[in-house]
Amino acid sequence: MASGQESSAIKACNLTILCIYCKYSGAKVLMVGAGGIGCELLKTLALSGFQDIHIIDMDTIEVSNLNRQFLFRQSHVGQSKAKVARDAVLRFRPQISITPYHANVKDPDFNVDFFKQFNVILNGLDNLDARRHVNRLCLAAGVPLVESGTTGFLGQVTVHIKGQTECYECQPKPAPKTYPVCTITSTPSKFVHCIVWAKDLLFAKLFGDKNQDNDLNVRSNDTASSSSDHSEDVFERKKDEDIEQYGKRIFNHVFGHNIESALSNEETWKNRNKPRPIYVKDVFSDETFQQNGNVDKMAETDNNNNNLSNVSAMTYLGLKNPQEIWSLLESSRVFFAALKLFFSKRQKEVGNLSFDKDDHLAVEFVTAAANIRAASFGIPLHSLFEAKGIAGNIVHAVATTNAIIAGLIVIEAIKVLRNDANNCRMTYCLEHPARKMLLMPVEPFEPNKSCYVCSETPLLLEVNTQRAKLRDVVEKVVISKLGMNLPLITHGSSLLYEVGDDLDQDMVANYEANLEKVLSELPYAITGGTVITVEDLQQELVCNINIKHREEFDEEKEPDGMVLHGWTQQAPAAENKDTTAATNGGGATTSTTSKSAPNISEEDDDDLTILEAGIETISPSKKRKLSDLSNPEEKRAKKIPNDDIILMLDDDISKQ
Amino acid sequence: MNGEELTEQETALYDRQIRVWGVDAQRRLSKSHIFVSGLKGTAVEFCKNIVLAGVGSLTLNDDNPVTEEALAANFLIPFDENMGGGGSIAELCCDSLKDFNPMVHVSVEKGDLSSFDVDFFEKFDVVVISCCLLAAKKSVNEKCRKLSKRVAFYSVDCRYSCGEIFVDLHKYSYMKKKADETVECQLQYPSFEEAIAIPWRSLPKRVSKLYFAMRVVERFEEVERRKPGETSVDDLTNVLKLRNELCLAHSLNESQIPDSLLERLVVSPKEFPPVSAVLGGILGQEVIKAISGKGDPLKNFFFFDAVDGKGVIEDISTP
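Residue numbers (numbering that gives the first Met the number 0), protein chains in the order written: chain B, 0 to 655; chain Y, 0 to 318.
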């Protein structure tokens, strides 16, 4: 290594000492997220001499946070993460200033001016949506961003400085895993398919909003070919129908009849193993079903148990170990017991429940139903613990990785504060060493010139302008894909749509009316060749979209009925849950996202309680430059980081 | 494994990490006993990590009184103008760590590290020492190796922006998944004394410069009878002189241990908190691996330098 190079690095480092202990104690930093990474980061910032730290987090503390979010104790469960984290750090560092906000970073209060007061923004977030939002505000405010994520033993820290490095959205992000509808409804081959079916179709059908579209119905009719009109009634509990009878009918329908109908379509099974229909009588003898019936009585007699959140089918059946894999009989028992408990103990909620990984009874039901379906399709059964992880997209998290990543964030933050962008690195924390390295720094990329977020490259939207409504474009493109929060759409100088608190009623009515109009019939018609401008005033992001008319779209491959080009991330339209979570802490949701049910997906941000979730990945096609290319072996091995990064993707999303 | 099941409380608390390393690993962790001596910033980071992970017990050793400097570097000690009211660093850390995870038994062992005999270490599965002199490092390592049961030995040191972890698992075998089958892997570790006795020129090319630099500073502290980390800018000339002598003896080019690197280690021996966080995290992960028998353990040195940002593993052992 050239010694000149080394000694300049050293000077840089010695400067750092000065910066930490004097000059940059004046730096004002904003942390977004007070979870796994956030707790570690706040501690390390305080120890490193930072004196003015602001921290935003909308979440409250949960028991499953305590294994790594070390600023929190059992007694803090239910309290604001940001506030408790502040108090905990002030106990060992009372002389510094920490300002907590128990709020969603997407709240309009946190606008560009708010961001401008900080020298650097440090992200410890758990979802793509908030990350994108913060990225845009950082670009608009011209404030550098240090971004981070961890999953299990893997983690990474990246630096985004406007005009100097790529922005968070310059690279495509991995789309949350989606499954073709027919895989879920007809031809599952993995346990996760059964989980998605049990959670998003069966559970939603039985306990959720009856008015919602649900492929359980539609698709089973497709294959059933007959009796399509009567199956609408199958899930409706008849007047005075005994819960047990109802349960049997559902069981026989979804695990027996539906499979039988599917089998009648010979074409489907030519190259697949045929499933086995399972009826109640196949699992239970009359006698054993009677035993199961006792659950019902127990449920009704046990009136002392008023704590509804503790209602558990496992408890009633004497099943204790969540790690144990139930047999088909046990799964079926849990199925009936859970169904009964929902209808007896939690009747009031039936009709507006949505799956929540912290709802124990819901997890029991979904595990049981998924296992029965798995048995039918010859897929190995799984324990409740495993099923819960899959169903809740629970992110694997340990304290050590978060601590390492937080340390690396502070190191990068200090370089940024010293205007030493040239020495900033993206660092990967690996599980298995690559060329002896467990912590691997790579040089940041230059901005992507065609990034629609940090450059002004227009997007192209293919859409049927004579069929699609403005609402479709707003929901499927502007909100879901472009991640806008408060969109405003103009055509030339004419306003077509706007969201905001300060609009008068006439305008709101006008915009509402526009939403229902087909594009080509809008007051200022959108047709092939039109350019519309979409902007978000809060994010200060403006995009031009060229419209191209197209007649037909493939229902399976292009379920949106429109295709957006020049956009770097292929997430389905179902990741916009922050706003809901802001009010209820990430529990039950009733958001617009469920409308996009055909895009059955695993979402990173389903698990809003875990802030370190949602690691990003690097496009395997791109090569990253290693920071130290001083020896030839490393030059040759340039591509290696990609291999590891792909591993991350596997670990993060498709762990089953 | 047919051990007893985890309690409901454990399952709820450890849910996220069980998803990383499994129930068996969690069970093994909860039965393990850890000893840590030398509670500066890096060791404290490590303690936090393994208490959160849920080890069975943690025994702390550091009789030093609380000073302003200790307060500044240690997030386990609440700010107190009376400097902890006369308690030792270990005692004050103990109180905070107990609070982190009520399921871990945290206690204090008073006494000088060098006064503990072989039998003392038999109580532990893992021994971690930090900020101690070369002689103590060698002797504790040897004591651990004399025991018939395996006591994993680790040392960790942070000098400003640089850090080193040393690992001695003695004879260690573990199961490793390769493609579809699980194979048993065996590793043989040298002791610290054996490792550093290996002539420098017989080491592989491109061994981290930090390895050599740390040896020079360690040697300097020993011959000058300094306390660990007690160096200043005034020592630089003598440290460079020692570097030249050692390089000559080992036939190593002096440029392998740049002046600037030594300067950093000697002039500001304080621990830099972000580097402590990184080292404490890596060490925590390694200890968890060794206890659970899951994952490739580090063999046998780890180096981190905040200036280039690399975290590198070096195998310093005779083949």
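There's no promise every hint is true.
[Claimed, not checked] The calculated lysine to any residue pairs, modelled on SDA-like cross-linking and capped at a C-alpha distance of 20 angstroms, are:
(1) Y:K109 <-> Y:D62
(2) Y:K240 <-> Y:G228
(3) Y:K298 <-> B:S311
(4) Y:K293 <-> B:E430
(5) B:K435 <-> Y:C184
Don't read these hints as lab results, they were simulated from the structure. This structure is a prediction, so every number in the text was calculated from the model and none was measured.
Which hint numbers doesn't this structure obey? Number 3 - this is the single hint that the structure violates.
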